[in-house]
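A.B. asks: Chain by chain, the residues:
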Amino acid sequence: MEFLTDNIYYIGAFGLIFIGLFIILVKHNLIKVIIGLGILDTGINLFLIAIGYINNGTAPIFSKPGLEAGNMVDPVPQALVLTSIVIGVAILALALSLAIRLYKHYGSLDLRKIKEQRW
Amino acid sequence: MKKIISLILLFIICLGIIFCLQKIPFGAAKTKVGNYYIDNGREETGAANIVTSVVLNYRGFDTLGEVTILFLAAMGLGTVLATLQKKDKRQIEQASLILKTGCRFLFPLILLFGAYIFFHGHLTPGGGFQGGAIIASAFLLVYLGCRGRKINETGSKLTESIGGLVFLIMGLIGLTLGGHYFLSNFIPKGEINTLFSAGIIPIIYIAIGLKVGSELTGIIDNLMEKS
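From first to last, the protein sequence lines are chains V and Z.
For the first sequence, the positions run 1 to 119 when our numbering is used.
For the second sequence, the positions run 1 to 227 when our numbering is used.
The set of hints was computed from the structure by calculation and includes no laboratory data.
No false leads were slipped in.
The following label-pair restraints were derived from C-beta to C-beta distances:
1. Z/Lys32 - V/Pro65: 24 to 34 Å
2. Z/Ile192 - V/Lys32: 45 to 55 Å
3. Z/Lys32 - V/Gly107: 54 to 64 Å
4. Z/Ile69 - V/Glu68: 34 to 44 Å
5. Z/Ile13 - V/Lys27: 14 to 24 Å
6. V/Asp110 - Z/Gly179: 55 to 65 Å
7. V/Gly15 - Z/Gly148: 36 to 46 Å
8. V/Gly107 - Z/Phe105: 34 to 44 Å
Note that the structure is predicted; figures quoted are calculated from it, not measured.
Just so you know, even glycine gets a beta-carbon here, dropped at the ideal spot from N, CA and C.
Okay, chain V solo, but in the shape it has when bound (with noise of 0.2 Å):
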């Protein structure tokens, strides 16, 4: 019981992560496998600020006088999954696009049915 309250918010990250992981390696359909996709990237957006985080920290802002610098969380990994969620708003646009494409050319988002995309 200890270890799931002092873990949990790596068991929550992963989880995440490998759901995301199943989903896209056993769905068929494309839409599905993009909303995987998505989950993935929150799970490893959750991962990188758990790291990240002190215990009994407060965040890396000097908003109001009193804040003790040794009391911060890392500011790093927070400037990385500012960019990491950028990129993955980006990258799931172009995937959506893709998707949109593939089905005007196939006329089904079925990856069974898509020749080149079957495994």
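For this one, chain V is given, so just place chain Z on it according to the hints.
C.D. replies: Relative to the frame of chain V, chain Z by itself:
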């Protein structure tokens, strides 16, 4: 069969991750570079928000790459969808009066909120990317609520280009005047925790906010029109 193979694969990955994460307990101390940024970030950049000073000052070059990736993705989306012939005019069902009036009322307020987010990027949580996303959401509201209205494409492209150019030019001026690295500060830093502080950071965040807002609006426009 495929499901079983996938589950076995995921299980192997899971075991590997558990072994790795035993060395990094949750809530442990910061990295050295993180400590340096928190201890010296205020004096060196003048921004109260350390994340902003990392994104735009210490790692400003990375942010340029990020903006480029967003630009490339928007361009790619436009290219992929460009050859689709426009749909013949479908019946656009007009929204009700309440929805239309609500859109018109909310649109300037959401724009104002987005502008607030990127003007205050160096003081509060937020910044150019978040503010740009909020501005794009205002345009999405118009696209969904008031059917038939469209953005001015030339204006959107112009805003985007000006945003990108301001970012590059500020970086190059910093390279020549301020110091020996890209995006170094050449404007007086001012008093910390006030609106006019932190040198070039607010200027660049305004440019990024406009650029991201118009880019995401362009993506929404492409996806709504062509599909």
